[in-house]
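K.L.:
The chain contents come next:
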Amino acid sequence: MKALLALALLAGAAQGTSDNIRFITCPIYRDTDSGKKSGCWLAEDRATGRRYDVSLSIAKPDWNHEVLVEGRRAATKDNPCGGVVLDAVRTSILPGDCTRQMLPAENYTGRKFALPRRNVRPIYDPAPPPAGPYGAKSFHLLFDFDQPFLIYQYDDYYLDQAIAWIRAAKPHAIMVTGYAATTPTRVSGRMIAEDPAIARIRAERVAEAFVRLGVDRRIITVRWRNAATPLEVPEADGLIEPSRRRVDIDVTP
Amino acid sequence: MAREQSRSRRLAAPLAIAASAALLSVSIAARAQYADDWWAPDSGRTFPAQADYGNGAGSLRVLLTGGPMETKGHPFFSATGPNGRACITCHQPADAMSLSAERAQARWEATGGKDPLFTAYDGSNCPTLPQGDRASHSLLLEHGLFRIQRPWPPRDLAGKLITPDFDLAVVRDPTGCESGNYGPAKGNISVYRRPRPVANLKYLLAIGFAYDPKQGMPLPLDPESGKPMSGNLMADGRAGTLNGQMRDASATHLELTRHMDAADMARIMDFETRIFTAQQSDAKGGPVDAGGAEGGAAKLAHSQAGQLGDYGHPVWSEFAAWEKQVLGLTPEQAAWRASVARGAKLFRDKTFLISDSAGINSPIGFGNPVRNACAFCHNMSQMGNDVAPGQVDLGTTNQPFADPMPWLPLFRINCKGPAHPHYGKVIYTSDPGYALTTGRCADVGKITLQSLRGLSARAPYFSNGSAKDLRGVVDFYERRYKIGYTEQEKQDLVNLMSAL
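For the protein sequence lines, the chains are S and Z, in the order given.
The opening residue of the first sequence carries number 4 in my numbering; numbering runs sequentially from there.
The opening residue of the second sequence carries number 12 in my numbering; numbering runs sequentially from there.
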């Protein structure tokens, strides 16, 4: 069943359907001002001429660099930034240079900042420990393209959930598996694929994160895989390609 | 010594009364008292539980929780090394436990440059210079800068060699210290920095979150204790704990040839974690804890450290009571209080576009640019430092954003691996900052956020002393980020910072 799902997801990705939009472009910043973090990020798919609002991406673009946009059209008709709203959406910063581009607000309001739902609580206000029973459990951390960086208010949230579970469950073994999306895919007229080395870097980084959080290094096994296939997990928000770029954490009681 | 103590008490008395006429005379008197306020090593004085010290803006209060402490034989106050210095030499109570350039000048005048403060190793521009010449100490006297000698290539906390992902070449060497035994060719690099205040340390050591969003990892662990480190102690993060800082300082600033023993380090830590300081009274506006405001050191000493302003007490909400007009004040007092209150709101609420600043715009995911306010980074309640480890590149040391500083060395950084996200492959800097600890091109010019308390007592500002006064700080931000502050807003921010 899982394999069928993966095939279905792959087919959608290859066709670039509206359910899974994917393109590379130079981002545009629109200087809307509804308070802190209220600026808009726009990205135009040059192949279709359609301008998307990618502001809801977890990690935002850099106006000096190309971005890989991966997203799905939102059901909303709201247009606070001047583009078709993508939600869910990811924007991975690529090395390619861009001429920075900023548009004025032009009567668009942007979005007033709201704390993302995936946020880590401060140490002085800890969440209660997860309830048992503490059977085998898996966690997933997803990454931006070719990056091992644990994304703020996303990966740290899931890492925090994992460590809370591990502290409560006191498992005997933790398997950390890093994946890289090394199978080339065509996006905006170019073939892109992740560096195979990034799978190992991701896995080792997550293992090191667990050690810093107090996990005994001896119970952690680290491995890595290339040519990753998609995985349908809540962490991916239904997006196909980002689910290939991940680390799986399998906790065995 | 007795005379010095009585002078501090004499200063404190009229301020407690808060008579505005007396305040003016205190302000004038404050400028003339630097020699008397100097705390020399081995002076055998009692460190008081509370003392006020005059400065150009008003007065600073220094609190020692747990009561007064005899300093005779105390390792913070004792000159145990060959250069005659103790920790107290460069961390003076009257200067908010830092050292102002003005006080360094006064000390030079008082001693003819013979004070251990001006020791060749780091109190001169370079040990190779003629030490009797005032010009050889110009960086300390004019800019409040000490020479910081770092290993090149860098070493990690355990002393292991790091292979940096960048090359470093000396472009300009006005002190002569980037050549010969002190230069990169011999495994060293000299940078010049202001001493950070040894006070309010519970805030700098506090851990608000388990993760460092700027590095995308949980906080690093102290190799000694195995506990996470806040990352907010030193300008370049070269030590993450007070013990680490003590080891570094004793081997360099004190030139000790042996390690401090555990008992001495414990005594220093006990002292350092009990000391709190903040501006207590303003010459124009009076006490900062009057009229419902909660400024001053006492609030700092008794508040919980490490809390994010967005979650609980908004940053500088200590002055919220001054947003309302109160009867019975002189026009000057009322105007100053209103200005401080406006400054606090500006600090929290006036947003601007922050761009090309590593540690903010990369790699954390906020975007480049991102719209936010001063309190975005200066986000800790009561203190205004960063709850997360605060390594950020504001551009105070990196060109083209840094002001021209021909008196400082200039380095050319060539990134061998990935380009720096905002500068590209080549960076010119007067201080690589955090990159001297990590060896990463992406960290060039990152400097740990400064403490914002007791500012009036310890000009100049920024790690390299490039802002000679608080207006200079505001002007730098205005130029760097094109904020568009009005003249009134600039003055409001200056008044706020002077009250901290």
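Warning: the hint list may mix true and false statements.
[What the hints assert, rightly or not] Calculated lysine to aspartate or glutamate pairs in the EDC-like style (CA-CA distance at most 20 Å, straight line): (1) S:Lys39 - Z:Asp272; (2) Z:Lys493 - S:Asp36; (3) Z:Lys238 - S:Asp100; (4) Z:Lys83 - Z:Glu113; (5) Z:Lys356 - S:Asp100; (6) Z:Lys361 - Z:Glu343; (7) Z:Lys238 - S:Asp36; (8) S:Lys115 - Z:Glu283; (9) Z:Lys436 - S:Glu69; (10) S:Lys39 - Z:Glu500; (11) S:Lys40 - Z:Asp272; (12) Z:Lys213 - S:Asp128; (13) S:Lys40 - Z:Glu498; (14) Z:Lys427 - S:Asp100; (15) S:Lys39 - Z:Asp360; (16) Z:Lys238 - S:Asp34; (17) Z:Lys197 - Z:Asp184; (18) Z:Lys427 - S:Glu235; (19) Z:Lys436 - S:Asp100; (20) Z:Lys361 - S:Asp100; (21) Z:Lys427 - S:Glu211; (22) S:Lys39 - Z:Asp178; (23) Z:Lys238 - S:Glu235; (24) Z:Lys493 - S:Asp34; (25) Z:Lys83 - Z:Asp272; (26) Z:Lys238 - Z:Glu266; (27) Z:Lys171 - S:Glu211; (28) Z:Lys361 - S:Glu69; (29) S:Lys115 - Z:Glu334; (30) Z:Lys83 - Z:Glu283.
Rather than coming from a laboratory, the hints here were simulated on the basis of the structure.
K.L.:
Evaluate each hint against the coordinates.
P.N.:
Against the structure, the hints:
no., hint, in the structure
1, S:Lys39 - Z:Asp272, "violated, 48 Å"
2, Z:Lys493 - S:Asp36, "holds, 15 Å"
3, Z:Lys238 - S:Asp100, "violated, 41 Å"
4, Z:Lys83 - Z:Glu113, "violated, 27 Å"
5, Z:Lys356 - S:Asp100, "violated, 38 Å"
6, Z:Lys361 - Z:Glu343, "violated, 25 Å"
7, Z:Lys238 - S:Asp36, "violated, 41 Å"
8, S:Lys115 - Z:Glu283, "violated, 42 Å"
9, Z:Lys436 - S:Glu69, "holds, 17 Å"
10, S:Lys39 - Z:Glu500, "holds, 19 Å"
11, S:Lys40 - Z:Asp272, "violated, 49 Å"
12, Z:Lys213 - S:Asp128, "holds, 18 Å"
13, S:Lys40 - Z:Glu498, "violated, 25 Å"
14, Z:Lys427 - S:Asp100, "holds, 18 Å"
15, S:Lys39 - Z:Asp360, "holds, 8 Å"
16, Z:Lys238 - S:Asp34, "violated, 42 Å"
17, Z:Lys197 - Z:Asp184, "holds, 15 Å"
18, Z:Lys427 - S:Glu235, "violated, 39 Å"
19, Z:Lys436 - S:Asp100, "holds, 13 Å"
20, Z:Lys361 - S:Asp100, "violated, 31 Å"
21, Z:Lys427 - S:Glu211, "violated, 25 Å"
22, S:Lys39 - Z:Asp178, "violated, 37 Å"
23, Z:Lys238 - S:Glu235, "violated, 37 Å"
24, Z:Lys493 - S:Asp34, "holds, 14 Å"
25, Z:Lys83 - Z:Asp272, "holds, 18 Å"
26, Z:Lys238 - Z:Glu266, "violated, 29 Å"
27, Z:Lys171 - S:Glu211, "holds, 18 Å"
28, Z:Lys361 - S:Glu69, "violated, 30 Å"
29, S:Lys115 - Z:Glu334, "violated, 25 Å"
30, Z:Lys83 - Z:Glu283, "holds, 16 Å"
Figure legend: structure checked against the earlier numbered hints; hints not met, in rising order: 1, 3, 4, 5, 6, 7, 8, 11, 13, 16, 18, 20, 21, 22, 23, 26, 28, 29.
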